[in-house]
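Student: Chains as they are written, first to last, in this note's numbering: chain A, 1 to 113; chain B, 1001 to 1112.
Bear in mind the hints are in silico, worked out from the structure with no lab data behind them.
Keep in mind the model is a prediction, meaning the values are calculated, not measured.
Treat the hints with care, since some could be wrong.
[To be verified] A short, non-exhaustive set of chain A residues, derived as facing chain B with CB atoms under 10 angstroms: (1) Tyr35; (2) Gln37; (3) Leu43.
Using N, Cα and C, we set each Cβ at its ideal position, and we do this for glycine too.
Chain residues, written in single-letter form:
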Amino acid sequence: NAGVTQTPKFQVLKTGQSMTLQCAQDMNHNSMYWYRQDPGMGLRLIYYSASEGTTDKGEVPNGYNVSRLNKREFSLRLESAAPSQTSVYFCASSVGARANVLTFGAGSRLTVL
Amino acid sequence: QKEVEQDPGPLSVPEGAIVSLNCTYSNSAFQYFMWYRQYSRKGPELLMYTYSSGNKEDGRFTAQVDKSSKYISLFIRDSQPSDSATYLCAMSGMEYGNKLVFGAGTILRVKS
């Protein structure tokens, strides 16, 4: 079982460049999430999708956009990367809208110079 | 003030020790309490899940919730080097909808 797969694992960008982080899950989960993890800050929710066709802002959505492409895939786009977006990004999924039991991907480490 | 406070550690203990990890929180609306374990360079994985106050045991792990004190704990008995990881507390409630609120995590190192 692959679970939650994120690509790429590592990426270095220059300020102002754009990129998309990809996430796919094979567990037939309805809800998907994007988090960022920074030292001393814990995991912070960027965007989530409670079900296919819906997306909502989380705690730190500024500078990001998302697309729930289908039930399996949920992508995160940085349109104009900034050094403050240097972080480790985690995609997660859950069976239903109650987000307590999350399955996380391995993370995507992004550095913006 | 953060909604969920967690000592970042690192906490270093000898193999076989009993470990106590703790979180405090400020919002009494939290109803669901979780502990996630995160190994280095990996994603978090759910370790324990409790609802409201009380204790829950699973093997060497015990999760304890004291809602009156707004305090949750995770106890690890007979700690092993393989328990070395970052432990994240997380909590949610109806008014938070789909949003888990995480603590910053405590780094645990178990020395053999």
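Student: Now look at each hint and say whether the structure bears it out.
Tutor: Results of checking the hints against the structure:
| no. | hint | in the structure |
| --- | --- | --- |
| 1 | Tyr35 | 8 angstroms, holds |
| 2 | Gln37 | 9 angstroms, holds |
| 3 | Leu43 | 4 angstroms, holds |
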